Amino acid sequence: LYPPGVLRAAEAHSGELMRLEGRRGALTVEVVVRPLELPRYEGDVTHGLLPVYANRFFEAQREQIPELVLVQEGRARVNNGVGYEVDFQAVTPDARTYGRDVLLVPDEPEEGRGFVTLSLRQEKPGGPFTKAERGLANAARKAYRSFRFGTERG
2 LYPPGVLRAA EAHSGELMRL EGRRGALTVE VVVRPLELPR YEGDVTHGLL
52 PVYANRFFEA QREQIPELVL VQEGRARVNN GVGYEVDFQA VTPDARTYGR
102 DVLLVPDEPE EGRGFVTLSL RQEKPGGPFT KAERGLANAA RKAYRSFRFG
152 TERG
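The numbering of the sequence shown is my numbering, which starts it at 2 and goes up by one.
Do not rely on the hints blindly, as some may be mistaken.
[Unchecked claim] Pairwise CB distance ranges (calculated):
hint	residue 1	residue 2	range
1	A27	R76	28 to 36 Å
2	R76	G6	28 to 36 Å
3	A11	G44	18 to 26 Å
4	E60	G128	37 to 45 Å
5	Y42	K132	40 to 48 Å
6	P52	V92	23 to 31 Å
7	I66	R146	33 to 41 Å
8	G128	H48	36 to 44 Å
Quick caveat, the hints were computed from the structure, so don't treat them as lab data.
Since the structure is predicted, the reported quantities are computational estimates derived from the model, not experimental observations.
A virtual CB, placed ideally from N, CA and C, is assigned to each residue, including glycine.
With the sequences and hints as input, model every part of the structure.
As structure tokens, this is what we get:
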């Protein structure tokens, strides 16, 4: 799906379903899928529950990186899933961190099943991306956006 040496499938860490990683220059990127456990909710999950849950999710991220700033949030569709996306970044003289997380629900979810968090992280010490690093960042965003529920491509 992606040119060899750009992104590679990596062993999923504890609590992850899938992981892609890449490195070019000082830039590291990862695309990760984790199961998402949501409380029982009567009604439209994407309009009612996910925005509230996403706010708590972002605040938990900010506890780990206090410099994080919310860039954008809102409803999102990633291929065959609907959800709520949170984009954030932290830029300091020493490092740059960019993140995008989408809390996804399949079009027709079974009770409490099939919810996932799809995460994109780009981290680099120091200044702006080089041309080569921008290529990796773009490939990681493309991989992130290509996510589909299930095991078959189509």
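- Message: Can you tell me whether the CB distance of A11 to G44 sits inside 18 to 26 Å?
- Response: 37 Å, violated
- Task: Go ahead and decide if the range 33 to 41 Å is satisfied by the Cβ distance of I66 to R146.
- Result: Because 24 Å falls outside the window, the suggested range is violated.
- Query: Does the Cβ-Cβ separation between G128 and H48 fall within 36 to 44 Å?
  - Reply: 40 Å, holds
- Message: Within 28 to 36 Å: is that where the Cβ-Cβ distance between A27 and R76 falls?
- Response: The hint (28 to 36 Å, Cβ to Cβ) holds, given that A27 and R76 are roughly 34 Å apart.
- Status of the given 37 to 45 Å range, CB of G128 versus CB of E60: Taking Cβ atoms as reference, E60 and G128 lie about 28 Å apart, which means the hint is violated.
- Query: Is 40 to 48 Å a correct range for the gap between the Cβ atoms of Y42 and K132?
  - Reply: Holds - the Cβ-Cβ distance for Y42 and K132, about 45 Å, lies within 40 to 48 Å.
- Query: Between R76 and G6, does the C-beta distance stay in 28 to 36 Å?
  - Reply: 35 Å, holds
- Task: For the range 23 to 31 Å, tell me whether the beta carbons of P52 and V92 fit it or not.
- Result: Distance hint for P52, V92 holds at roughly 26 Å.
In summary, the numbered hints that this structure violates are 3, 4, 7.
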